[in-house]
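*Asks:* Protein chains in written order, with our numbering: chain A, 144 to 422; chain B, 167 to 602.
Incorrect hints may have been included.
[Said to hold, decoys possible] Label-pair distances were calculated between CB atoms; the ranges are:
no.: 1; chain 1: A; residue 1: F405; chain 2: B; residue 2: E542; range: 55 to 63 angstroms
no.: 2; chain 1: B; residue 1: D566; chain 2: A; residue 2: V167; range: 27 to 35 angstroms
no.: 3; chain 1: A; residue 1: L170; chain 2: B; residue 2: K297; range: 57 to 65 angstroms
no.: 4; chain 1: A; residue 1: R248; chain 2: B; residue 2: D566; range: 45 to 53 angstroms
no.: 5; chain 1: A; residue 1: K383; chain 2: B; residue 2: T231; range: 26 to 34 angstroms
no.: 6; chain 1: A; residue 1: K383; chain 2: B; residue 2: A598; range: 27 to 35 angstroms
no.: 7; chain 1: A; residue 1: I175; chain 2: B; residue 2: A223; range: 30 to 38 angstroms
no.: 8; chain 1: B; residue 1: D215; chain 2: A; residue 2: I229; range: 40 to 48 angstroms
[Said to hold, decoys possible] Here are the simulated DSS-like cross-link-like pairs (lysine-lysine), alpha carbons at most 25 angstroms apart as the crow flies:
no.: 9; chain 1: A; residue 1: K277; chain 2: B; residue 2: K498
no.: 10; chain 1: B; residue 1: K494; chain 2: A; residue 2: K277
no.: 11; chain 1: B; residue 1: K580; chain 2: A; residue 2: K277
no.: 12; chain 1: B; residue 1: K447; chain 2: A; residue 2: K197
no.: 13; chain 1: B; residue 1: K498; chain 2: B; residue 2: K227
no.: 14; chain 1: B; residue 1: K239; chain 2: A; residue 2: K277
no.: 15; chain 1: B; residue 1: K227; chain 2: B; residue 2: K239
no.: 16; chain 1: B; residue 1: K388; chain 2: B; residue 2: K546
no.: 17; chain 1: B; residue 1: K494; chain 2: A; residue 2: K383
no.: 18; chain 1: B; residue 1: K447; chain 2: A; residue 2: K383
no.: 19; chain 1: B; residue 1: K250; chain 2: A; residue 2: K383
no.: 20; chain 1: A; residue 1: K383; chain 2: B; residue 2: K536
no.: 21; chain 1: A; residue 1: K383; chain 2: B; residue 2: K466
no.: 22; chain 1: A; residue 1: K383; chain 2: B; residue 2: K435
no.: 23; chain 1: B; residue 1: K466; chain 2: A; residue 2: K197
no.: 24; chain 1: B; residue 1: K580; chain 2: B; residue 2: K435
no.: 25; chain 1: B; residue 1: K536; chain 2: B; residue 2: K511
no.: 26; chain 1: B; residue 1: K279; chain 2: A; residue 2: K277
no.: 27; chain 1: A; residue 1: K383; chain 2: B; residue 2: K429
[Unchecked claim] If you want the footprint, here are the derived chain A segments under chain B, 3+ residues with CB under 8 angstroms:
no.: 28; region: 257-268
no.: 29; region: 374-381
Because the hints were derived from the structure by calculation, they are not lab data. Every residue, glycine too, gets a C-beta built ideally from N, C-alpha and C.
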Amino acid sequence: MSAERPVRAPGRWAVLAALALLAVVMLSPFLIVTLNAFKSPAEYSSGGPLSLPKGLYLDGIIDFWNRVDFGEKLWNSLLISGAVAIGAVVLSVLNAYALGIGRVRGRLWILVLFLVANTLPQESLVYPLYYLSKQVGLYDSKLAVILIFTVIQAAFGTYLLSSVLGQFPREILEAASIDGAGKWRALSRIVVPISRPTLSVLLIFFFIWTWNEFFLPLIFLISNDNQTVPVALGVLQGEKMMDATMSSASALLGIVPAVAFFLIFQRTLTRGVTVGAIK
Amino acid sequence: MLKIGRTAAAAVLAASALVLAACGGSGDPGGGSSSGPRTLTLWHYEGADSAMGKAWAQAIKEFETSHPGVTVKFEEKGFEQIQKTAGMVLNSDEAPDVMEYNKGNATAGLLSKQGLLTDLSDEAAKRGWDKLLSPSLQTTARYDDRGIMGSGKWFGIPNYAEYVMVYYNKDAFKKQGIEVPTTFDEFTTALDKFAKAGITPIATGGAEYPAQQIMYLLALSKANRAWVDGFQQYKGKVDFHGPEFTYGAQTFADWVKKGYISKDSAGIKAEDMGVSFIGGKFPIMISGSWWYGRFQEQIKDFDWGSFLWPGGTMAPGSSGNLWVVPEKAKNKDLAYDFIDITMKKDIQNLLGNSGGLPVAADPGAITDPKSKELVENFNKLSAQDGLAFYPDWPAPGYYDVLVAGVQELINGSKTPEQVLDEIAGPYDDNLADIGN
Numbered sequence: 144m145s146a147e148r149p150v151r152a153p154g155r156w157a158v159l160a161a162l163a164l165l166a167v168v169m170l171s172p173f174l175i176v177t178l179n180a181f182k183s184p185a186e187y188s189s190g191g192p193l194s195l196p197k198g199l200y201l202d203g204i205i206d207f208w209n210r211v212d213f214g215e216k217l218w219n220s221l222l223i224s225g226a227v228a229i230g231a232v233v234l235s236v237l238n239a240y241a242l243g244i245g246r247v248r249g250r251l252w253i254l255v256l257f258l259v260a261n262t263l264p265q266e267s268l269v270y271p272l273y274y275l276s277k278q279v280g281l282y283d284s285k286l287a288v289i290l291i292f293t294v295i296q297a298a299f300g301t302y303l304l305s306s307v308l309g310q311f312p313r314e315i316l317e318a319a320s321i322d323g324a325g326k327w328r329a330l331s332r333i334v335v336p337i338s339r340p341t342l343s344v345l346l347i348f349f350f351i352w353t354w355n356e357f358f359l360p361l362i363f364l365i366s367n368d369n370q371t372v373p374v375a376l377g378v379l380q381g382e383k384m385m386d387a388t389m390s391s392a393s394a395l396l397g398i399v400p401a402v403a404f405f406l407i408f409q410r411t412l413t414r415g416v417t418v419g420a421i422k
Numbered sequence: 167m168l169k170i171g172r173t174a175a176a177a178v179l180a181a182s183a184l185v186l187a188a189c190g191g192s193g194d195p196g197g198g199s200s201s202g203p204r205t206l207t208l209w210h211y212e213g214a215d216s217a218m219g220k221a222w223a224q225a226i227k228e229f230e231t232s233h234p235g236v237t238v239k240f241e242e243k244g245f246e247q248i249q250k251t252a253g254m255v256l257n258s259d260e261a262p263d264v265m266e267y268n269k270g271n272a273t274a275g276l277l278s279k280q281g282l283l284t285d286l287s288d289e290a291a292k293r294g295w296d297k298l299l300s301p302s303l304q305t306t307a308r309y310d311d312r313g314i315m316g317s318g319k320w321f322g323i324p325n326y327a328e329y330v331m332v333y334y335n336k337d338a339f340k341k342q343g344i345e346v347p348t349t350f351d352e353f354t355t356a357l358d359k360f361a362k363a364g365i366t367p368i369a370t371g372g373a374e375y376p377a378q379q380i381m382y383l384l385a386l387s388k389a390n391r392a393w394v395d396g397f398q399q400y401k402g403k404v405d406f407h408g409p410e411f412t413y414g415a416q417t418f419a420d421w422v423k424k425g426y427i428s429k430d431s432a433g434i435k436a437e438d439m440g441v442s443f444i445g446g447k448f449p450i451m452i453s454g455s456w457w458y459g460r461f462q463e464q465i466k467d468f469d470w471g472s473f474l475w476p477g478g479t480m481a482p483g484s485s486g487n488l489w490v491v492p493e494k495a496k497n498k499d500l501a502y503d504f505i506d507i508t509m510k511k512d513i514q515n516l517l518g519n520s521g522g523l524p525v526a527a528d529p530g531a532i533t534d535p536k537s538k539e540l541v542e543n544f545n546k547l548s549a550q551d552g553l554a555f556y557p558d559w560p561a562p563g564y565y566d567v568l569v570a571g572v573q574e575l576i577n578g579s580k581t582p583e584q585v586l587d588e589i590a591g592p593y594d595d596n597l598a599d600i601g602n
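Generate the whole structure from the sequences, applying the supplied hints.
*Replies:* Here it is in structure tokens:
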């Protein structure tokens with residue numbers, strides 16, 4: 144092992160350098176956003192986007208927070224993303240249990256159907272969903288967005304979980320059924336606990352994906368008091384004008400919750416991935 | 167066992183749906199009927215610090231004073247959201263009572279054709295809005311059955327106006343010993359002097375609207391009102407190889423060659439153009455009155471001013487966006503009252519004194535000297551019937567066609583003749599589509 148090291152070293156340095164470069168490329172937009180979020184509009188106009196701020200100018204962030212009532216938007220996003228994440232995981236587990244373990248007849252075609260549903264662009268769904276939600280009186284309500292995204296995310300979740308559960312060790316299930324466990328007991332006591340790491344990864348992904356959704360919430364959340372964070376950020380896009388410093392401030396406010404969420408659940412994510420690998 | 171489990175699960179799902187429904191149902195569309203307290207729902211997308219934002223905030227206050235028992239539910243919207251969703255919102259029960267919307271055939275015209283906007287003709291006559299607005303401002307307020315502006319019923323009321331002018335850096339002019347040009351020859355002499363001194367005179371952006379407006383301005387200097395009506399309202403055939411566009415494209419290309427316009431400006435966006443002018447990097451910027459308020463606030467390092475385009479009597483310009491009343495609005499009478507308040511002298515004067523361009527202000531009441539210059543120049547342009555609208559209006563998607571064409575002129579990758587062929591195609595296709 145130690146003899147191999149010097150041979151590999153140049154390659155490793157190259158990889159490290161490439162990764163460092165990639166990190167700089169990835170981080171530079173965030174850096175520029177942060178830089179401009181703390182600048183006054185006059186400073187931005189006279190110095191351009193790359194100049195360093197002279198002092199900490201917090202008015203942009205405070206003004207934006209008050210202007211769109213950002214706390215309310217955070218709560219809306221949290222409610223919608225949380226409900227979707229939980230609902231979609233529950234739905235995915237139930238579907239996948241039937242498809243992956245229950246071996247329903249025609250499961251391959253059902254899975255293909257889910258896959259096709261996944262590839263549908265959201266733009267093509269807009270008008271049907273708009274008319275449906277108007278018919279049932281859910282247009283401009285959070286519930287409409289929650290239902291839509293629960294189904295959309297569950298389509299992906301079902302597809303993924305079905306193949307995971309398809310590999311589920313049969314012996315455990317057989318042992319359970321010999322011990323007298325019914326289908327529900329097997330699901331709740333055996334399948335769910337064992338695949339918990341995978342489920343928590345799904346939960347986190349569904350949460351973040353839903354959090355970042357822009358297009359459908361833009362269409363369905365009409366009233367300002369129903370809007371989510373990404374939709375609220377759009378308020379600053381004027382017809383001919385853009386307020387670069389306030390846009391940066393709002394972008395910063397928009398990124399922070401997602402980053403915080405990621406940091407909190409980062410351990411769950413890595414654990415989920417590694418548990419899946421060991422099995 | 168299985169059966170019980172299923173029912174239980176169904177019960178849980180139903181219960182959670184109820185909980186969710188409770189959170190979802192909080193958005194109250196506002197008091198609809200005349201009984202009890204009423205609500206006027208109002209949407210616009212102007213920033214709170216802009217001239218319109220300030221004036222309309224004052225209008226809301228006055229409305230609430232003159233209408234006790236009515237609350238105004240104002241929601242600030244994003245431009246993009248209104249653009250993408252207006253058709254759907256206005257076709258639902260969530261439609262606001264009054265909202266700001268873009269003027270033009272592809273926006274207000276389209277919605278009027280679809281029957282989503284209330285016909286305001288009677289109100290305009292009754293309340294005298296038709297007297298307050300000059301004929302060229304009325305163009306964008308009225309739409310015919312095909313949704314084409316210029317004639318027919320009133321579907322919107324503009325509250326402000328806009329036009330394209332020449333902004334200049336007084337300090338930079340003084341340094342080169344250049345006087346404010348009053349004729350086109352003096353203007354090109356000034357440009358030449360800057361170019362000879364190694365300064366690119368005109369700040370522009372080829373990636374967005376500014377550069378195409380300069381080309382249109384140049385074309386307008388050889389045009390008359392009949393040509394503009396032909397181009398914008400399809401009254402008569404427009405020859406893209408006629409003297410107007412040929413001069414516009416040719417002169418624009420020459421200006422790039424002579425260094426009046428930077429060869430690097432093809433990729434510049436409007437925002438960057440504005441920032442570079444505020445930063446003092448260019449002595450001249452040719453663009454719209456929408457920059458005015460921002461320049462008043464942010465230009466601190468030099469003295470600046472504006473003058474009307476010296477090359478002719480016409481310039482791009484029009485009414486601003488419109489107040490529209492959705493067909494499904496529940497409080498139309500309140501909406502009319504609100505529009506009426508925004509047309510009153512004091513609101514219009516406030517708009518003017520905040521760096522906006524009012525349509526019905528009292529010229530004597532505009533006290534800020536910079537704002538006075540803006541309003542006086544506009545009145546002059548309006549009096550000589552000089553509002554020529556914008557080059558991208560006549561056809562859907564024409565904006566991108568013009569951006570591409572002008573970029574090719576800046577890059578020199580195509581000759582003016584080729585560019586004119588390129589921009590003629592989509593225009594003629596659209597004419598065929600609407601049956602002209």
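*Asks:* Next step is simple, just say for each hint if it's right about the structure.
*Replies:* Against the structure, the hints:
no. : hint                                : in the structure
1   : A/F405 - B/E542: 55 to 63 angstroms : 56 angstroms, holds
2   : B/D566 - A/V167: 27 to 35 angstroms : 33 angstroms, holds
3   : A/L170 - B/K297: 57 to 65 angstroms : 59 angstroms, holds
4   : A/R248 - B/D566: 45 to 53 angstroms : 52 angstroms, holds
5   : A/K383 - B/T231: 26 to 34 angstroms : 33 angstroms, holds
6   : A/K383 - B/A598: 27 to 35 angstroms : 31 angstroms, holds
7   : A/I175 - B/A223: 30 to 38 angstroms : 32 angstroms, holds
8   : B/D215 - A/I229: 40 to 48 angstroms : 41 angstroms, holds
9   : A/K277 - B/K498                     : 22 angstroms, holds
10  : B/K494 - A/K277                     : 14 angstroms, holds
11  : B/K580 - A/K277                     : 50 angstroms, violated
12  : B/K447 - A/K197                     : 21 angstroms, holds
13  : B/K498 - B/K227                     : 19 angstroms, holds
14  : B/K239 - A/K277                     : 22 angstroms, holds
15  : B/K227 - B/K239                     : 12 angstroms, holds
16  : B/K388 - B/K546                     : 19 angstroms, holds
17  : B/K494 - A/K383                     : 29 angstroms, violated
18  : B/K447 - A/K383                     : 21 angstroms, holds
19  : B/K250 - A/K383                     : 16 angstroms, holds
20  : A/K383 - B/K536                     : 21 angstroms, holds
21  : A/K383 - B/K466                     : 22 angstroms, holds
22  : A/K383 - B/K435                     : 11 angstroms, holds
23  : B/K466 - A/K197                     : 17 angstroms, holds
24  : B/K580 - B/K435                     : 21 angstroms, holds
25  : B/K536 - B/K511                     : 19 angstroms, holds
26  : B/K279 - A/K277                     : 22 angstroms, holds
27  : A/K383 - B/K429                     : 23 angstroms, holds
28  : 257-268                             : violated (count 0)
29  : 374-381                             : holds (count 6)
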